[in-house]
Amino acid sequence: MSTQIFHHALYIVEPACKGCTHCMKRCPTQAIRIAKGKARIDNDLCIECGQCMAVCPNNAIAIEQDSLSQLQAYTTRVAIIPAVFFAQFDDSVTLGHITGALYALGFTHLYLAETGVDILTVLEAEDQGAGRPLISNFCPSVQRLIQVRFPLLVDNLSTLRSPAQVTAMFARSELPGLSDGLGIFYFSPCAAKIAQFKTEGSEEHRLFDGIINFDTAYNLVCTYLAKHKGEMQEEKSSFSFPVCTRKALRWSLVKGQSSHHSGRCLAVDEMHNVIEFLEILEDEQDTNLQFLELDACAEGCVGGILTVRNRFLATERLRHWSSTVPKQLDQDLCERILKQKKAFEKNLNLEPVLPLQVLGLDTDHAKALQKLRKAERILAALPLIDCGLCGSPSCKALAEDIAKSKASIRQCAVLKLKSAKDLNSLARIWGERSTAADGLQDDQA
Amino acid sequence: MAGVAASNLKRLLKQLNIPPLTIKRIIVAVFEAEVNVIAHSYGGRILCDFEEDEIHVQVIDTGPGIPDLELAMTEGWSTASDEVRELGYGAGMGLPNIAKSCDELSIYTKAGDHTRLSMLFRLKEKA
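As they're listed, the protein sequences go chains S and X.
Here our numbering is used: the first residue of the first sequence is 1, the next is one more, and so on.
Here our numbering is used: the first residue of the second sequence is 1001, the next is one more, and so on.
Keep in mind the hints are simulated off the structure, nothing from the lab.
Being a predicted model, the structure only gives us computed values, none of them experimental.
Even glycine gets a Cβ: it sits at the ideal position worked out from N, Cα and C.
There's no promise every hint is true.
Said to hold, decoys possible - Under 7 Å between C-beta atoms, here's a sample of chain X residues computed to sit facing chain S:
1) L1016
2) F1050
3) T1079
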């Protein structure tokens, strides 16, 4: 899997970007640099957490989206919808209203992504992840964070398929007569899931035919409901997708997965908390923990970058909804699952993921060591105030960028103000040519 | 605080593109050695030499040395103080674990003198 070219859903809207340093300072993997007044994302390092988009004051970071017209290419249009989507609406909009609107928008079958949790339970799927504590692979952003920044922990990653994947497999096997023109669409609350889906060769890419962003779907449903206010009563009957169990419905909330594991579990949410925790975990020799649920977004998927509603209100609605669904799995659904059992019971685990070696200064150890030394020497000359004016997130990052020949010491505004002459001699010491007047170098240069 | 040196070294090794499994071995060994220095010695330093396909790590303390090395290498044997044991260390697995983690280990020690651990890690990961 490591050879795949990872697709990125986040992108910079250059005309809107003012080159302020908000996103660069926020990025948990230091993947952003500012060059020529515009932010730029390093695709090797970006983990699609969406922190940059959340913090951008100029709406200059956006997420790719496909239009709903992609539905027209299919005759059977299946939507796999995470429960969080329904929690985006306030209580005046019932589940019946939402499903009714979705059918009207062109979907022929609606599945709840969380049904996959029950399918995994019914089929008694076992996680083949090797390490302990096992780390949930549910959040693609966390998985990628571990691959990039915590390569020592990749063996701890769970290999179980995500509920949405399992539900998609279930739908595919349940609707075989319709396989000509069968299109399966996933509603995504975040950039990371879109990126995962669009990465060629990934399981998501194989299982889903299209992706619909939460905010797009939300707007479409709201527009439809506003237009068809009078007809709402009859729509109620169309609430027909299989309902999952109470435990399954809470899956995407914080601690939602922990209840499916025995032993001691821990749930950590929000990217900076997750990183702080992984740092500890990597150093810790022994822990008593069996399972770790790590979410990149605060409060889990309800905090996704594409969600519309306040994450706490959404959590409350999801919790309230879950208290109304039965604890036991619906008998009909259970039979439906068992009927399709053969199609995928042996295929519930994914290939283990591999560490990505992108943090290193060079692929060659000797050269990396040289660059490390150089970065250390350069750092000693820098002001260490991490102002970010140079376009790198910290003085240390600038020193490493210079050592990698991706930046120039002339970019340091503080040194320039202090003494332009010294700066020139420093630049000569580090063996740099005199760059153009503003001293900004292109990443590609 | 025990583990700080090992943690800093880990950060360095990641930047040098050392394979993750090797980093893990080095960190386990260095962590144990670091705890040993803190628990049993007056102080010490850790030296790292990087070569093309191997890494030498030396942990040199300032004394007082190990009186009976063979005994110290025995699993479960420990001279740790109650204070150290209360912190969860001192199970007598330090040196045996270090020996398991590295490819070659040589120890210089003498009662009343200092102790020097020389560990060698090969970068070629065994398949």
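We went through each hint and held it up to the structure:
no. : hint  : in the structure
1   : L1016 : holds, 4 Å
2   : F1050 : holds, 5 Å
3   : T1079 : violated, 21 Å
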